[in-house]
Amino acid sequence: MDSHSVATTPGELVGGVDPHSHPSFLRHHFESVGQQREAASFGMWIFLLTEVMFFGGMFCAYLIFRNWYHPAFVAGSNTLDITLGTTNTAVLIGSSFTMAMAVYSAEMRRRSQLILFLTLTIVLGFAFLGIKAVEYHQKFVDHHVPGPNFSIQEFVHPSNPRAIPLSPDMAQKTQIYFSLYFAMTGMHALHMIIGISLLFFMVWRASRNAYTEGHIMPVENFGLYWHFVDIVWIFLFPLLYLISRYR
Amino acid sequence: MTEKIDPDHQEQHIVGPPVYLTIFVALLVLTAVTTGVAFIDLGVFNPIIALAIACFKASLVVLFFMHIKYSSRLLKMTVLCGLFTFMLLMTLTMTDYISRAWGMW
Amino acid sequence: MSTIISLPDQATARLPRKSFLNEEYGVKSWLLTGDHKRIAILYLVSITFFFVIGGILAGLIRMELLTPPSDLMATDTYNKVFSMHGIVMIFLFLVPSVPATIGNFLIPLMVGARDLAFPKINLLSWYLYMAGGLIIFAAMVLGGVDSGWTFTTPLSTHYLNTHVTTAAMGIFLAGFSSIFTGLNFIVTVHRMRCPGMTWFRLPLFVWSHYATSIIMILGTPVLAITLVLVALERTLDIGVFDPSKGGDPLLFQHLFWFYSHPAVYIMILPGMAVISEVISTFSRKRVFGYTAVAFSSVAIAVFGFLVWEHHMFIMGVSQYSALVFSLLTMLVAVPSAIKIFNWAMTLYRGSITFETPMLYAFGFMGLFTIGGLTGVFLATLGMDVHLTETYFIVAHFHFVMVGGMLMAYLAGIHFWWPKMTGRMYPEAISKVAAIVTFIGFIVTFFPQFLLGYLGMPRRYASYPADFQVLNVFSTAGASILGIGYLLPMLYLPWSLVYGAIAGDNPWQATGLEWQIQSPPLTVNFVEIPVMDHEAYDYEWLANKTVHEVQTVG
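Those protein sequences? They're chains A, B and C, same order as listed.
2 is the number of the first residue of the first sequence in the numbering used here; add one for each residue after it.
0 is the number of the first residue of the second sequence in the numbering used here; add one for each residue after it.
942 is the number of the first residue of the third sequence in the numbering used here; add one for each residue after it.
Read the hints as simulated data drawn from the structure, not as lab findings.
Do not take every clue at face value.
[Stated by the list, open to error] Label-pair ranges, simulated between beta-carbon atoms:
(1) Thr21/B to Pro1184/C: 47 to 53 Å
(2) Ile165/A to Phe83/B: 34 to 40 Å
(3) Ala25/B to Ala1285/C: 56 to 62 Å
(4) Phe38/B to Tyr1261/C: 35 to 41 Å
(5) Val1082/C to Thr90/B: 40 to 46 Å
(6) Leu199/A to Leu62/B: 23 to 29 Å
(7) Leu73/B to Leu199/A: 22 to 28 Å
(8) Leu50/B to Thr120/A: 30 to 36 Å
[What the hints assert, rightly or not] Residues from chain B that keep clear of chain C, each with C-beta distances beyond 12 Å, as calculated:
(9) His12
(10) Val24
(11) Ala25
(12) Val28
(13) Val32
(14) Gly42
(15) Phe44
(16) Asn45
(17) Ile47
(18) Leu50
(19) Ala51
(20) Cys54
(21) Phe55
(22) Ala57
(23) Ser58
(24) Leu62
We treat Cβ as the ideally placed atom computed from N, Cα and C, and that holds for glycine.
Taking the hints into account, I'd like the entire structure generated from these sequences.
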């Protein structure tokens, strides 16, 4: 049963006998490394729950407006480059794979392998952000950034002969689609930037053997964060890029 | 310190590269499927299938990359709690939007 | 009158030589501490500061409402005053009040741990609170916010040129402070209980804080994203809440109240936590129906997420969803009522004494019940249409928040003051303060029920002359209430120097925190205790001769 209040054995007591029988990374308010690791993991998962609810608000807004202005959302979605979007999804899934391998390397105490996989994760993360930047630039050039420069021409007089032209009223609603696009992918990108910064720090620490002597907890928990950011994109991709693509 | 660790005799179950590789390939395949299916007109089923595949991909990441399959019951309950609250936000808000006499529906 | 206070012989008693207060010296040892007890004291001081600011704003409101016309200040200024009063009191005082001060101090002690699970995150939580508080204070000083604490769109997003974004960002940071506190509590309660401390041996204080923490982590992020969207709407005009662009202002309200309703349970559950402990101790009886009270706390947390639309009944939501939410709101009253019944049954046939914490607890029982019952009035759709946005609502939430929560907070501060400081507060004047507070509260807020029912709207600086008499009563009561709150701010610091030495257990209470010295050591327990008896086990306490836990004298 999970209610283990961790029983102490005399050798592990801190503040009692033999204070140096424990690893240096064991904090003094924990009774054992196992307790510390489980607590850290649990804490990280709770933090991820808060992130779920944080993004949840935007998904709620998305759900409502997609149903209210479906034609506008279709038109908006079809202006996104599906090749770039799919590639980005593959890149991010790849970075999740390399991150999982990094955790494995830490568990197997292989320092150079750990550094390799952390670095690969950084590279793939940058690749994702780079492709995102290209997409954002394209939207800027196309006058699809909400604000004073927004142009509805593409939606009222579409260049694609198979696309259905929208009324000016509905075409204006594509601004809501693009607002949500930028807000959601922007918030996601911000989380990726934070993640990549932490990865740099972790590569530096890993080179100093911080994670390959049993203290795998930070790598594990960062992995949880990184996988979560991947999951958010797994949902963002079909919802933003794949609305009625058969036109 | 670079002692050899035997994954089968660890307290904490260590997930190995074969599992990760399998899941990675599965995720890539599912991504291709999602994109491919989007080009076929299935009417109302398009978003349903897209979301279903996304949910399945997310489950793979949660279960294997994030080790929930091998974790304690507490962590499994925690994930379910998060999902439940998220669904609460969505569904109860929708009770208003789907039953309005005015609006865009 | 009998008392259960049992102090050591004052002629020979001394404070313990070593305690968390003197084991380290210097500003850095306080500002960079990981000790949950020091962080609790940091919170106590900062929360009191913001309470005073909120109180001054309240005083300004009541002074304006002495006379029917808006003569003390311009109506725009009045809008800013009540908005800031709400923001400061809710986000900077009520939400962190018991959890961040008393909860932080006691949860590790009550579960038998040396600290919370994440001491550094605990400290970060305080810094986020201070940052958020200072940003909100800055918004106030720079000119204020007049959107109401509820930031209703499209007023807050399109029609105000005040510092809405600044205040929103301050609340954003304070919200993360709340999230980290909740996260810490949950992990501590799950993973750091001492041997023998099963879930059902925990004090009910811990159960209530556990329930509060669930709400904190699941609800607050939605507020965070809502405030971000408001900021984006104001700065970039993205249009999600703007009808002219196709957005829906009600969407803001759905997202805002999805947090803000559970937030009221974040505010009251810790107060209920205190009441469980106080009522048990001063009736010398275990809490009646321990399991029911424990599960009711969690039920309040869960059901609290299901009822938010009752704040929007007149805003244009569909009638069908309003019906659903009205029914769900009736449901959420049940666990609170269960707790009141159980506390009442705890009192029945108990050996009741009337020390100050108990006086506050009695005040809580009566005033929270009235506030809660008026909540049921408001849950019924028909009544709500008449009563919403009037002073009835203002009276309702002040009864539960001030008559309930604030009284419980004061009960807790007085109850655990000897444990936190090693000194007793002066009992005579504190009883006077409690009674003055109770009287002042009733005179201030009861007339507001009548005002609301008669139709006086809330958030108005001027009102028809017919309402003046009741408003004058209310303001008079506010001055009495102010004295009641001022007195503890004077005698509690006084007691730090001149108060009687309290000893380990002046209340002869059960609970692990009372088995160690006052104030506690930094490590809390010299040896981690082993829990071998049930919670509120007064027989165990009576039979105790030597306890396993060592204390340092």
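Would you say Val28/B is clear of chain C, with no C-beta pair closer than or equal to 12 Å? Non-interface label stands for Val28/B: nearest chain C Cβ at 33 Å, farther than 12 Å.
Distal placement of His12/B relative to chain C, Cβ over 12 Å: Holds, because the least Cβ-Cβ distance between His12/B and chain C comes to about 19 Å, which exceeds 12 Å.
Is 40 to 46 Å a correct range for the gap between the Cβ atoms of Val1082/C and Thr90/B? 43 Å, holds
Assessment of proposed distance window 23 to 29 Å (beta carbons of Leu199/A, Leu62/B): About 24 Å separates the Cβ atoms of Leu199/A and Leu62/B, which means 23 to 29 Å holds.
Closest CB-CB distance from Val24/B to chain C, is it above 12 Å? 34 Å, holds
Checking a non-interface call: every C-beta of chain C should be farther than 12 Å from the C-beta of Ala25/B. Is that right? Ala25/B is indeed farther than 12 Å from all Cβ atoms of chain C, at 30 Å.
Taking 12 Å as the cut and beta carbons as the points, is Phe44/B off the interface with chain C? At about 27 Å from chain C, Phe44/B clears the 12 Å cut-off, so the statement holds.
Confirm or reject the claim that Thr21/B and Pro1184/C have a C-beta distance inside 47 to 53 Å. Check passed, 50 Å falls within 47 to 53 Å.
Could you let me know if the closest chain C CB is still more than 12 Å away from the CB of Cys54/B? 20 Å, holds
Minimum Cβ-Cβ distance from Leu50/B to chain C exceeds 12 Å: 21 Å, holds
When you look at the beta carbon of Ser58/B, is every beta carbon of chain C farther off than 12 Å? Its Cβ never comes within 12 Å of chain C, the nearest being 21 Å, so this holds.
Minimum Cβ separation between Ile47/B and chain C greater than 12 Å? Per Cβ check, Ile47/B is outside 12 Å of chain C; nearest 24 Å; holds.
Of the hints listed earlier, there is not a single one the structure fails to meet.
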